[in-house]
Amino acid sequence: MAAKNYNIETENLNLWYGDFQALIDVNVKILAGEITSLIGPSGCGKSTLLRCFNRVNERYGNVTTKGKIQVLGKNIYDADVSLPELRKTVGMVFQRPNPLPISVYENILFGLRIHSPLRSLTRAESDAIVEEALTSVFLWDALKDKLKVRATSLQLEQQQKLCIARLLPLKPQIILMDEPCSALDAKGTLAVEELMSYLAGTYTFLIVTHNMAQARRVSSECIFMFLGELIEHRNTQALFETPHNSKTADYVQMRYA
Amino acid sequence: MFTETEIGKRNRWSENGMKIFFLVMTILMIVPLLLIIGYLFYRALPVLSFEFLFTNPKDNMRSGGLWAPFLGTIYLVVVSLLVSAPIGVFAAVYLNEYARENWFTRIVNLAVVNLAGVPSIVHALFGVGAFVLFAGLGESVLAASLTLAIMTLPVIIASTKEALNAVPMSFREACWNLGATRWQTIRRIVLPNSISGILTGVILQVSRAAGETAPIMFTGAVFYKAIAEGDVFAYNVLDQCMALSLHLFTISTQVPDVAEGIPYGTAIVLVGTVLLVNAAAIVLRVYLRTRKRW
Numbered sequence: 001m002a003a004k005n006y007n008i009e010t011e012n013l014n015l016w017y018g019d020f021q022a023l024i025d026v027n028v029k030i031l032a033g034e035i036t037s038l039i040g041p042s043g044c045g046k047s048t049l050l051r052c053f054n055r056v057n058e059r060y061g062n063v064t065t066k067g068k069i070q071v072l073g074k075n076i077y078d079a080d081v082s083l084p085e086l087r088k089t090v091g092m093v094f095q096r097p098n099p100l101p102i103s104v105y106e107n108i109l110f111g112l113r114i115h116s117p118l119r120s121l122t123r124a125e126s127d128a129i130v131e132e133a134l135t136s137v138f139l140w141d142a143l144k145d146k147l148k149v150r151a152t153s154l155q156l157e158q159q160q161k162l163c164i165a166r167l168l169p170l171k172p173q174i175i176l177m178d179e180p181c182s183a184l185d186a187k188g189t190l191a192v193e194e195l196m197s198y199l200a201g202t203y204t205f206l207i208v209t210h211n212m213a214q215a216r217r218v219s220s221e222c223i224f225m226f227l228g229e230l231i232e233h234r235n236t237q238a239l240f241e242t243p244h245n246s247k248t249a250d251y252v253q254m255r256y257a
Numbered sequence: 001m002f003t004e005t006e007i008g009k010r011n012r013w014s015e016n017g018m019k020i021f022f023l024v025m026t027i028l029m030i031v032p033l034l035l036i037i038g039y040l041f042y043r044a045l046p047v048l049s050f051e052f053l054f055t056n057p058k059d060n061m062r063s064g065g066l067w068a069p070f071l072g073t074i075y076l077v078v079v080s081l082l083v084s085a086p087i088g089v090f091a092a093v094y095l096n097e098y099a100r101e102n103w104f105t106r107i108v109n110l111a112v113v114n115l116a117g118v119p120s121i122v123h124a125l126f127g128v129g130a131f132v133l134f135a136g137l138g139e140s141v142l143a144a145s146l147t148l149a150i151m152t153l154p155v156i157i158a159s160t161k162e163a164l165n166a167v168p169m170s171f172r173e174a175c176w177n178l179g180a181t182r183w184q185t186i187r188r189i190v191l192p193n194s195i196s197g198i199l200t201g202v203i204l205q206v207s208r209a210a211g212e213t214a215p216i217m218f219t220g221a222v223f224y225k226a227i228a229e230g231d232v233f234a235y236n237v238l239d240q241c242m243a244l245s246l247h248l249f250t251i252s253t254q255v256p257d258v259a260e261g262i263p264y265g266t267a268i269v270l271v272g273t274v275l276l277v278n279a280a281a282i283v284l285r286v287y288l289r290t291r292k293r294w
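In the order they appear, the protein sequences are chains A and B. With this note's numbering, the residue at position 156 of the first sequence is 156, and numbering never jumps. With this note's numbering, the residue at position 115 of the second sequence is 115, and numbering never jumps.
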C-alpha cells in the first residue's frame with residue numbers, strides 16, 4: 001500500500017473554554033482528497049475540533065489550545081503562520097447558510113477582494129471568477145440572471161451552495177463543514193451531498209453531521225467522538241458495520257435500530 | 001356546537017377591555033404632544049416671520065428676533081456632535097467588536113450605563129471645572145460644546161453598541177472564515193448594516209444637546225450678545241454665545257414685559273430646529289440605504 005497523504009494531523013490536541021475542557025488528547029489524521037465525517041452526540045467537541053483547523057476558535061474569546069496541529073504539513077501555531085492565509089486555504093461552511101448581506105456577485109468576490117489590493121480586479125476577471133465558482137456548485141444556470149440579487153433572499157439550498165462557491169475563488173485545499181445540511185430539506189440535502197462528492201478529490205472535506213445516513217452516504221472515512229475524546233476513526237463502512245469500541249457501537253446502533 | 005363557555009366569555013371581555021385600555025394609553029401619549037405644539041404655534045403665529053429668525057433680539061430682548069440665540073444653538077450642537085459622535089461611535093466599535101469580556105470592559109460598560117443617567121447639572125459643574133477653569137478655555141462655545149459632548153457621549157456609545165449588536169454574528173463568522181481581519185469585517189459588513197441605527201442614536205442626541213440649559217449656562221452661554229445679522233460665521237468658538245434654550249428661560253422668567261408672542265416663537269424655533277435635524281437624518285438614512293450596492 002502506498003504511503004497515505006494526510007492534509008491535517010493533530011498530536012495531543014487539548015482545548016479549554018475557560019475551565020471546561022472541550023477536547024481531550026485528540027490525535028487525528030485526515031486523508032487528503034477524501035470526505036471525512038465527524039459524528040457523535042451534541043456537545044462532544046465535533047464543531048470545536050473543526051474550528052481548530054483554521055484557528056477561528058480564537059475569535060470566540062477565552063479559548064486555550066495545547067498540542068500540535070499540522071495543516072498541509074505546516075504547524076499552524078508556528079509564529080510565521082498568517083491567519084488570513086490559513087483561513088484562505090481552510091474554508092468553512094456553517095450549519096445555517098450565512099451568505100453576506102450583499103449581492104450574489106459580491107459574495108463570490110468577497111474573499112478575493114479582501115485579499116487583493118483595491119480595484120485590482122478587472123471587470124472581465126471578476127465576471128469569469130464568478131461564473132467559474134457558480135458553475136462548480138451547479139448554480140450558474142439558476143443564478144446567472146440574478147447576480148445582482150441580495151444573496152440573503154435566495155432559497156436556503158442555493159444560499160448554502162453559494163457559501164461553498166464563495167470559498168472556491170480563494171483556492172482552498174480543505175473545506176470544513178459544520179452540519180451543512182441541517183437547515184435544508186431532503187432535496188437540498190441531497191443536492192449538497194452530490195456537490196461534495198463531485199468536489200471531493202479536488203478538495204479535502206471534513207463534515208460534522210448528526211445524520212448517520214448522511215455520514216454513510218457521503219464519507220469514506222468516519223470519526224466518532226464522545227465527550228471531547230476521539231473514540232474511533234476508521235473507514236466509514238467498517239465503523240458502521242463492525243465498530244471496535246462499545247461506545248461507537250451504542251451510538252451507531254441506537255440511531256439505526 | 002362551538003357555543004361560548006363562561007370562561008370563553010370572560011376571556012373575550014378581558015381581551016376587548018385590554019385592547020381598549022392600550023389604545024387609550026396610546027392616545028393619551030399623542031394628545032398632549034399635539035396640544036402643546038398646536039398651542040405654541042397658535043400663540044407664536046403673530047411673531048413668526050423670516051425677520052424674526054434673522055434679526056437679533058432688541059430693546060433688552062423685549063422685541064426683535066432670534067438670530068443670535070438661534071445661531072448659538074447651532075454652533076453648540078454642531079461642535080459638540082463633531083466631538084462626541086466620532087469618539088462615541090468608534091469607542092462603541094472597539095467595545096463591541098474588538099474588546100474581550102474582562103474586568104476592564106466590564107468597568108467601561110458599567111461606566112457608560114451610569115454616566116448616561118447623570119443629571120445634566122452635574123455635567124455642567126464638571127464642564128466648569130474641566131474645560132472653563134482647568135483647560136483654560138474660559139466661558140466659550142468650545143467649553144460649552146465639550147460639556148454637551150461629555151453629556152451625550154455615553155448615550156451615543158450605548159445606542160451605537162446596540163446597533164452593532166443587531167448585526168447577526170453569522171455575518172462576522174462568514175467574514176472571519178474567509179480570512180477577513182476584524183477591520184475588514186467591520187468596514188464591509190458590520191458598519192453598512194448598522195449605519196441607520198447608529199445615525200438614529202446620534203441624531204436623538206441632537207435634540208438633547210439643543211434643549212439642555214444647565215450644562216451651557218455656566219460654561220459658555222450668555223443672556224445677551226449681539227452678532228452680525230445673517231452672517232453664519234458670526235461666532236468665534238472661543239467666545240461666548242447665546243442659545244435658544246437659555247434665551248427662552250431668560251425671556252420667560254428674567255425680563256418683564258416681553259412682547260406676547262416672542263417666548264412662544266422661540267419655543268417653536270427650538271422645536272422646529274430639532275425636527276429639521278431629525279428630518280435631515282431620515283433623508284440621510286434613506287440615501288445611505290439606497291446607495292448600498294445590493
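Incorrect hints may appear among the rest.
Chain A regions said to be covered by chain B (calculated; three or more residues, Cβ under 8 Å) [claimed, not checked]:
id, region
1, 58 to 68
2, 88 to 97
3, 157 to 169
4, 198 to 210
5, 237 to 245
The set of hints was computed from the structure by calculation and includes no laboratory data. Think of the CB as a built atom: it goes at the ideal place given N, C-alpha and C, for glycine as much as any other residue.
Results for each hint:
1. 58 to 68: As far as the region 58 to 68 of chain A goes, the hint holds, because 3 residues have Cβ atoms under 8 Å from chain B.
2. 88 to 97: holds (count 5)
3. 157 to 169: holds (count 3)
4. 198 to 210: Since 0 is below three, the answer is violated.
5. 237 to 245: Violated - the region 237 to 245 of chain A has 0 residues with a Cβ nearer than 8 Å to chain B, which falls short of three.
In summary, the numbered hints that this structure violates are 4, 5.
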